[in-house]
Each structure stands twice: as C-alpha cells, then as structure tokens.
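As given, the protein sequences belong to chains A and B, one line each in that order.
The numbering of the first sequence is the numbering used here, which starts it at 1 and goes up by one.
The numbering of the second sequence is the numbering used here, which starts it at 1001 and goes up by one.
Everything labelled a hint here was simulated from the structure, so no lab data went into it.
Take the hints with a grain of salt, since some may be wrong.
[Unchecked claim] Some but not every residue of chain A turned toward chain B, in silico, with C-beta under 7 Å: (1) Asp13; (2) Ile19; (3) Glu21; (4) Val37; (5) Gly38; (6) Phe42; (7) Ser87; (8) Ala370; (9) Phe371.
C-beta atoms are modelled at their ideal positions from N, C-alpha and C, and glycine is treated no differently.
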Amino acid sequence: MDWNRTLSKQVVDLPRSGIREFFDLVTGSKDIISLGVGEPDFVTPWNIREAAISSLEKGHTTYTSNYGLESLRRAIARYVEGFFHVSYNPLCEILPTVGVSEAIDLALRCLINPGDEVLYHEPCYVSYAPSVLLAYGTPKAVETSIDDLFALNPAKLEAAITPRTKVLMLNFPTNPTGSIAPKETLEEIAKICIKHDLFVLTDEIYSELRYDGIEHTSIASLPGMKERTLLLHGFSKAFAMTGFRLGYACGPKELIEQMMKIHSYTMICPTITSQEAGIEALQNGVTAMQEMRDSYHRRRDYIVKRFNDMGMDCHLPGGAFYTFPSIKRFGISSKEFAMRLLKEQKVAGVPGTAFGACGEGYLRCCYATAFELLEAACDKMERFCASLN
Amino acid sequence: MTEEALLKILETDARLSDQQIADRLGVSVAEVAAERATLEQEGRIVGYQTIVNDDGEGVSAFIEVKCTPERGGGFDRLAERISRFDEVRSCYLMSGGFDLLVQVDAADLLSVARFVSEKLASLPGVLSTATHFRLKTYKLNGLHFTEEPSHQRISVAP
Ligand SMILES: Cc1ncc(COP(=O)(O)O)c(C=O)c1O
C-alpha cells in the first residue's frame, strides 16, 4: 500500500500530542506516582451510577433523538440557567454530545471555512489546535503568561486579530494552568469580540471547580454575547463522569442545528445510559459535586504551599485541578525536568510544552490524586529540587 | 474546622498526624490538636484501633439476649456486666424482638458455647439467648473486605 498516497495529508501532518509521547514513557515505568492525570480521582457518585444501572435494567438500550433525550435537555437548561445565569431553549438551543470533545469538533467544523483563523489562548488543552486543523482552519495561539496569571490579556488578543479571524476559543478555568478570567477581563474580551464580530467557543468544563469564593462568570452571560457564543460544558470533571462521555453545547439555534446535522451522521447520540445518568447528576448530584470540589480545594492549597516551599514558583490557581509551577530557576527545560523527575524520583508531571510552546519553563501537576500520594509526591519532588540546586 | 470534619478524617485513617490532618483540612496544627484533645476528653473519641481481617482465625458469634429490665436501671447494669467479659467484643441495646446484641470472639465453637452456657445464660436477669456464628465478613467499619483491586485511571491524560 502506498500510504503516502492513501492516507489523508491533513491527518498525517497533524502533530502527535506532546502528552502522548510522555504517556508512553510513564506507562513503561513501574511504581510511578502520577500527577499527570487529567481526570478526577473520585468514582462517579453512587446515585449517578445507580441511575445508569437502572436505565440498563429497564431495558433502555436504544438510540435517542439526535438532540438527545428531551428530559436531559430540560435538566441541562435548568442547570445552566441556575449556574451560568443564561437561559437556553431546550428544544433547539441545546445539544447533548459525546463529551465536550465532540462538541468542540462539531462547532469548529460548523464555523470554519478553509483558511479561517481561530484564536485561542496558550498554554491550552491539547485538542484545540488539532481540532481547528481538522476543520481546515488556521489555529492562532495568543500566548498568556504568569504576568496575567495565565488569563487572556485583552490587548494581546486584539493585537492578534486579522481580517480572517472568525472564532475565539476560551477555556476558563484553564487546563493546564488552572487560571480563571476575572469578570472585568471577560467584559473587555467581550467588547473586543463584538467590535471585531468574532464568534466565541467557550469551554467551561471546569467551571464548578472554583476555589476563590467568587462566582464563576460565563462570557455567554455578558450583554450582547449570548447570540455570538457557544457554551460548552459537560459532566466529566465536576461530576467525576469522564468515562460516561457526556457533554453538551448551548448556543444559537442556527449553529446548534448545523452541529446536530454532523452529529446525526457521525454519532447519532450519546449512549442513552449516559444520558439518563446525566439527568440524575444534574438533579441530585450537586451536593456530591460540591464535596468533591471542597476536597480538591484543600489539596490545591497543600500542593501549592509545598511547591513554593521547595523552591518552585507556583501561583495559586483559581480553578480546575491543575497547578502549573515554574521550574525556570533550575535552568533546565520542562521536558528535561519532567524526564529526570520521572527517572530519578518516579513522579510524573507533564512538561508545560505539551500545552504549547509558551508552556516552556512550567510543569503541569494535577492534584486530583489521593492526599497521601500527593504527600509522597511532594516529598520526592522536594528531594529532586534539592538535588538540582 | 468542624468536629465532624476531624472525625470523618480520623474515621478513615486514625494514623494521620495532626500535621497531616491540618493539611487535609486547611487549618493549623494547633487547632487540630486542640479539637482532638477536646473530643478525647469528652469521650467522643473513645480510642484508636486497627481493623483486622480475622475471618480466618477463631470464631465470632452474635448473640441475641433477652433479659428482664431492672427497676430504675433498665438494662444498663446487666449490659455493663456482660460487657466486662474479655470475650465480649461489642454489646448493644437493641429495639425489637430481643434486648441486647452481644458479639463474642473466641478460639472455637466450643469456647463460645461454654461462654454462653456458663457465663452469659446463667447471669441473673438473662431470660434467653440465641447464638449466630459469623461465616464471613464483607464490610466492617465502612471498609470492604473482599473488594476487587480498584480500577485504575490511565496515568497520563490530557
Ligand atoms: C479543557 C478541556 N476541555 C475538554 C476536555 C474533554 O472533556 P470531555 O470528557 O467532556 O470530552 C478536557 C479534558 O481533559 C479539558 O481539559
């Protein structure tokens, strides 16, 4: 087979995720404490699992409407209105998807004509640039830095806009930095989007996981933004439901309808079992979710203090379950730091560069890990940092 | 820090140091130490023990005891008297068809039988006993004894 001719050039040229490379290394080693995960360490709360079991018991094993169960959409609409203070019509403005991942893919494919530019802030979740490329768009990273606590700087955003810019992707709280965007910053960003007629894809999958006591603000809730924003959210992080593969998109019906078209051809619908579990999560899972959040909160405080005590400069991230300590003072690259930490102390963190070039000098450490493992990892990292000094 | 938060942590792992508890609760070590001392003095924290899987050794019996309540003291005096035997691991006053539920640990069936007939049943006030032997423990103090290894997350994920 002549694979050069056979395989799609678009796909072959797509860069391999930097995290994959590291994954292969870590899975090959034994007795590792991993701070490299990107998912909760909690099992899905029992009442939600029970709803899934019950759904199977009742023999609910069919397709659902391409729009998903209406009862799920109604539950989502109520939850979103309560939490984000934006109301969406469950009949035409909400689309349940197979995770936020699918929603991102659908939205980009529906918005982009070849060559359209999509802006996003870096360091960022690994799928953004590849998803833009797969939709034949041009990904354009706007770098963020510790000076803005990794929130998107509105001036830098505006400077990156060209006549071809069509979409802005946002992700606050951010994977991998845990940063949040203050309301005032979002307001400035919103003004810029309106001024330049940009459409906003906002991935707010970590929005419940906020630790600063400040209510999460969605850019979709700001004046004039609902009609130009697609709000992406899901169950993976807050409800510890990564394996259920359930998310949703809320936005203008014109876009949702086009997304539903692709979705109906490629996915049909998320598993009905997951949809029914999702309803239970939204209706009766909030207390369990808040307990998980409080547990992340305490682990964040612990790990950030330990990191700073051992000489890594680590800002206090406002959300998600990631810390992004700087390792610049040790004078080695993120990759070398991560490799040596893995080899010498058997602790895995992900090099910041896996999330974009401007992640150089940082390490992503996820603290959704049992407290005693965090303690052990910190002790090991402390020894490692001391050995570098 | 609430009393409940401290107890919840200690109930899952009593070996944690005050410093480790302070880290987990986001409070100072001094606060933890003070709260712990208060709870110990008040008798809310009765002790710290190890949970041992002893299914393989000896026998354990749950004995339903019916007794006559005393005027004034109810079942307390008799229950305390029963509790004093070394063989008795736990003793509860119950509602329902019997009065006391007594858990007895012994080396073998015969020892339990001897304990029941010679010591327990002969106590004044004890009307009758019904002895049930434990066959297998599935869960004790919130801990599962027979759980499969827990499902692991993949170690690096985006
Ligand atoms: C920022 C961000 N968006 C989306 C996802 C994927 O979420 P889902 O499980 O809903 O597909 C992740 C998962 O790590 C994430 O960190």
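Against the structure, the hints:
The restraint placing A/Asp13 at the interface with chain B is violated, with a minimum CB-CB distance near 20 Å, outside the 7 Å limit. Among the interface hints, the one on A/Ile19 holds; its C-beta lies about 5 Å from the nearest C-beta in chain B, closer than the 7 Å criterion. Checking A/Glu21 against chain B: minimum C-beta separation of about 10 Å lies over 7 Å; hint violated. Annotation: interface hint on A/Val37 holds; nearest CB of chain B at approximately 5 Å, less than 7 Å.
For A/Gly38, the interface hint holds, since its Cβ comes within 7 Å of a Cβ in chain B; the closest pair sits about 4 Å apart. The interface hint given for A/Phe42 is broken, as the beta carbon of that residue sits about 11 Å from the closest beta carbon of chain B, more than 7 Å. Hint status for A/Ser87: violated, given a least beta-carbon distance of 32 Å to chain B, over 7 Å. Checking A/Ala370 against chain B: minimum C-beta separation of about 11 Å lies over 7 Å; hint violated.
The interface hint given for A/Phe371 holds, since its Cβ lies 6 Å from the closest Cβ of chain B, which is under the 7 Å cut-off.
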